[in-house]
Amino acid sequence: MTTPRVGERTGRIGDSTARPDGTPKVTGAFAFSSDLYLTGMLWGVTVRAPHPRAEIHGVDVGPALAVRGVAAALTAEDVPGRAVYGLDVPDQPVLARDTVRYQGEPVALVAADHPETARRAAAEVAVDYTVLEPLTDPRRALDDGSPQLHPGGNLVRHVPIRRGDPQPTAEVVVTGEYTVGMQDQAFLGPESGLAVPAADGGVDLYIATQWLHVDRDQVAAALGLAPELVRLHLSGVGGAFGAREDLSMQIHACLLALRTGRPVKMVYSREESFFGHVHRHPAILRYEHGATREGRLVYVKAEILLDGGAYASTSQAVAGNAATHAAGPYEVPNAHVDVYALYTNNPPCGAMRGFGAVQACFGYESQMDRLAAACGLDPAEIRIRNAMREGSAAITGQVLDFPAPVAELVRRVRDRPLPPQRSTDLRAMPGGVGGTTHGEDVVRGVGYGVSIKNVCFSEGFDDFATARVRLEVTGGEPVATVFTAACEVGQGLVTVQEQVVRTELGVDRVMIAPADTSVGGAGSSSASRQTYMTTGAVRAACAKVRDRLAGRDPASLGDEVIDATVEWRHRPTSPLDPVTGQGFAHVQYAFAAHRAVVDVDLGLGLVKVVELATAQDVGKAVNPLAVAGQIHGGSAQGLGLALMEEIQVRDGEIVNPSFTDYLIPTVLDMPPMSLDVLELADPNAPYGVRGVGEPPTISSTPAIVAAVRAATGRNLNRVPVRPEHITAEGLSVEAGR
Amino acid sequence: MRFLRPHTWAEALGAKAEFPDALPLMGGTDVMVDVNFGRARPNALLDLTAIPELRTWAPDGDALRVGAGVTYARLVSELADRLPALAAASRTVGSPQIRNRGTAGGNLGSASPAGDAHPPLLAGGAEVELESVRGARRVAVEEFFAGPKRSVLEPDELIAGFRARPATGPQYFAKVGTRNAMVIAVCSFALALRPGEGVGTGIGSAGPTPLRAYAAEEFLAGELADRWEKRDALPGPVIGEFAELVAGAARPIDDVRGTADYRAHVLRVLARRTLTWAWADHCEGGAGCA
Chain A
1 MTTPRVGERT GRIGDSTARP DGTPKVTGAF AFSSDLYLTG MLWGVTVRAP
51 HPRAEIHGVD VGPALAVRGV AAALTAEDVP GRAVYGLDVP DQPVLARDTV
101 RYQGEPVALV AADHPETARR AAAEVAVDYT VLEPLTDPRR ALDDGSPQLH
151 PGGNLVRHVP IRRGDPQPTA EVVVTGEYTV GMQDQAFLGP ESGLAVPAAD
201 GGVDLYIATQ WLHVDRDQVA AALGLAPELV RLHLSGVGGA FGAREDLSMQ
251 IHACLLALRT GRPVKMVYSR EESFFGHVHR HPAILRYEHG ATREGRLVYV
301 KAEILLDGGA YASTSQAVAG NAATHAAGPY EVPNAHVDVY ALYTNNPPCG
351 AMRGFGAVQA CFGYESQMDR LAAACGLDPA EIRIRNAMRE GSAAITGQVL
401 DFPAPVAELV RRVRDRPLPP QRSTDLRAMP GGVGGTTHGE DVVRGVGYGV
451 SIKNVCFSEG FDDFATARVR LEVTGGEPVA TVFTAACEVG QGLVTVQEQV
501 VRTELGVDRV MIAPADTSVG GAGSSSASRQ TYMTTGAVRA ACAKVRDRLA
551 GRDPASLGDE VIDATVEWRH RPTSPLDPVT GQGFAHVQYA FAAHRAVVDV
601 DLGLGLVKVV ELATAQDVGK AVNPLAVAGQ IHGGSAQGLG LALMEEIQVR
651 DGEIVNPSFT DYLIPTVLDM PPMSLDVLEL ADPNAPYGVR GVGEPPTISS
701 TPAIVAAVRA ATGRNLNRVP VRPEHITAEG LSVEAGR
Chain B
1 MRFLRPHTWA EALGAKAEFP DALPLMGGTD VMVDVNFGRA RPNALLDLTA
51 IPELRTWAPD GDALRVGAGV TYARLVSELA DRLPALAAAS RTVGSPQIRN
101 RGTAGGNLGS ASPAGDAHPP LLAGGAEVEL ESVRGARRVA VEEFFAGPKR
151 SVLEPDELIA GFRARPATGP QYFAKVGTRN AMVIAVCSFA LALRPGEGVG
201 TGIGSAGPTP LRAYAAEEFL AGELADRWEK RDALPGPVIG EFAELVAGAA
251 RPIDDVRGTA DYRAHVLRVL ARRTLTWAWA DHCEGGAGCA
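Protein sequence lines correspond, in order, to chains A and B. One point on numbering: in the numbering used here, the residue at position 427 of the first sequence is 427, and numbering is uninterrupted. One point on numbering: in the numbering used here, the residue at position 197 of the second sequence is 197, and numbering is uninterrupted.
Chain A extracted, bound-state conformation:
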């Protein structure tokens, strides 16, 4: 891999290419959506319910309107169009009208000439609540005595999978119950945008999002406007990880702008951000694995409860993913899986990197380690014995018609040399700069994790991306311009489109037009799909351009402009059978394997991850540098879930909504990584690409926990692992020393 020079604007498919926004982001010069500014703009602020469950008897915005500088104060009565929104199920009120279903739910809006004025006025809005007992335990969501939080009951979706023998038996059986805490995407750029009313009665919204067109459709519906009157423009995005797939302040800013006739900016504070987006579903997973004495899987039984919180968001699709990935990247002839996504009064949960596969992976990989122990096998060996390969059938019956080098990935991380014994630098010890050990009670462990993740949208979703490519001669030189609505959220799409055009058209100068809704939809920058989809669309548009070029040299075009637009689709998928869960649900799977090496201070329960070795098949590395970045970042996010990242919820209320107490890994927590990137082309995908972003997030978590188990002998059935989980079982030993 060569390191590209900053500012270099070359690079075709397969070349490491520097991102143009890299240096500005590092130096602080990059303009994020929170930096948007227009002279004369107003500042919008959200009034949020303090209770996880309550009835609203009245909202009085009069005291807020009386504050000097306030231009508008709106309630549910002021929503002119559809009163609810949602990605799959429109069940979430734009502003709560008579019921509050989670702490922090928006109830009213205020716009003022200064953010402080707006905040103070918002505090004056008087809401008459009757506080009700919240439903916070997902295990009780379906009980007869539990309150019905939505008209259709508290079940968002049940996904069954039934494959093979319904009553299988096996020589070796292991069971386990596992719990996954609520992780947050913790992007650094809070929800923010600027809505500008337009002369035609419409609105222009400058916004950091993952999916412009679905935002637009929901905003237009709420505003009661035709979609073409609502124009969305992608603004600087400070990370996404799924948290920008649902709306946050989009409708609110537009409501205020249209009411006041003035531009309105909204920026969530860090604390508000924790209430302003969906989180990863907490999960309770019960597993039973049956195998032969040789460790070959006979069956997997699983029951997974996903706490969807107050609104549906993407819970249906997350449940589908948890179910179809429930057995992991392993061949297993018999499966009996039930996944339930449930409504509660906890914070709403939805998309986050890994999307249902993360929770399942912690369960099935913990089980594989138990099975290895029960069969007397090495943890890597049991994974290799059961590994999926090309031609394997998943528990949905789907046959993998693309490379699936699971065993090879495990071998590669297993065969890496182990890192040296720990150094004497205190910062390399568990506890880091805290200086809590000089090596006493420190033990080392090694663990493995392997992930499987669907790429692109699944279960029959009409998944497409649009690209328009224009070729012309400017200043005597051929220039290609690419127009899409595809969102660069940090993942690296920013170089991909021009790499495709250079490869396909042989034109060096490629301009990427700002992403907006003036072209057709690109779908979401999620599900590890955007490079796959937009690469397909841009390549197809280039092919059209090339056809019209008919062999001519692009430099000879003169005044002719070639302009081609393509709406591109991956091959169709099918819904799951509602009874058996069988079906061709996923267009592609991606795989990654991790080996984690950890040092644990047994006395204090502190963990230092010493090394993460990763092997991942990416089909084709479009930009190898960006691929490495995705694997590093994804692994770090998985490390966070393993050891520290959790939104703590007590009685429906978030108790740690800050970066003081919601901890994400620092550079002293994230170890050096060794990467093995395989490129086994998927014949169904453009250039053979395979989604990259999610698999490393999924497998690093169970690998690290397995390593901590190996070091400590503790069971550790819950993530994140907290220090007291490690010391609790050893308290008496320690105290007696």
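The set of hints was computed from the structure by calculation and includes no laboratory data. All C-beta atoms in this analysis are idealised placements derived from N, C-alpha and C, irrespective of residue type, glycine included. It is possible that some hints are incorrect.
[What the hints assert, rightly or not] What the simulated footprint calls covered on chain B by chain A, stretch by stretch (three residues with Cβ under 8 Å from a Cβ of chain A suffice, anywhere in the stretch; the number is not a length): (1) 164-178; (2) 200-209; (3) 259-269.
Using the hints, position chain B against chain A.
Okay, now just chain B, sitting in the frame of chain A:
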């Protein structure tokens, strides 16, 4: 909001007398977080950053006098030999940017039970210098804290600095957090050995205020009285009893950062380890290198 920016200490004391509800501002690493989160809307801010003498330290008799405006970064780079536990604690504060701005004086002003500077100041027997237009007074650190984020500072008083004797023996500070850097203490502990004299301790994040473990100090001082010269190994039961007494001095609670049981457990472990390290240093004749 009124913004006051005195250029001399006398002006600062005058301003505080005139505006007793003015919130003193030095590094801003606590104050500005509260302001930016909307938790603090003080009527006045008293910016002390233009007063040069707050940023100085100097020997004064057998003690060191350290101005309230000396940053953590300077405590590490300039005073690690004389105040090793405080320097070790300073290294654990936030990020380099925070350490370049934050000060031990500000830490005292916030009076958080989790303040990293407090355990080493307690263990080192430091005194806080308080001053107002009415005059100056010194308060032992353990008498300075009045409750969670409360101190004995009068409304018209400012923290001028603190005084502490340079280390005469090994000192250690250890802090447990659930991340390897940039973390608020779940629990912390400082130990100072003063050969021939006694022992100092400081406990962080395990009670409503930072605490001294008096019974542990007394017990260990007694055990060490005839061992300072002999420099022989400490018996295991002595280390164990010291650890129990340290844990017994804490008044921890369950909160978002950890449980009371875990904190008590951590104190036992840290007390045992720091005493082991410090005594080994003493036996080797060197000073602690925490």
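Hints breached by this structure: Checked against the structure, the only hint that fails is number 2, while the rest are satisfied.
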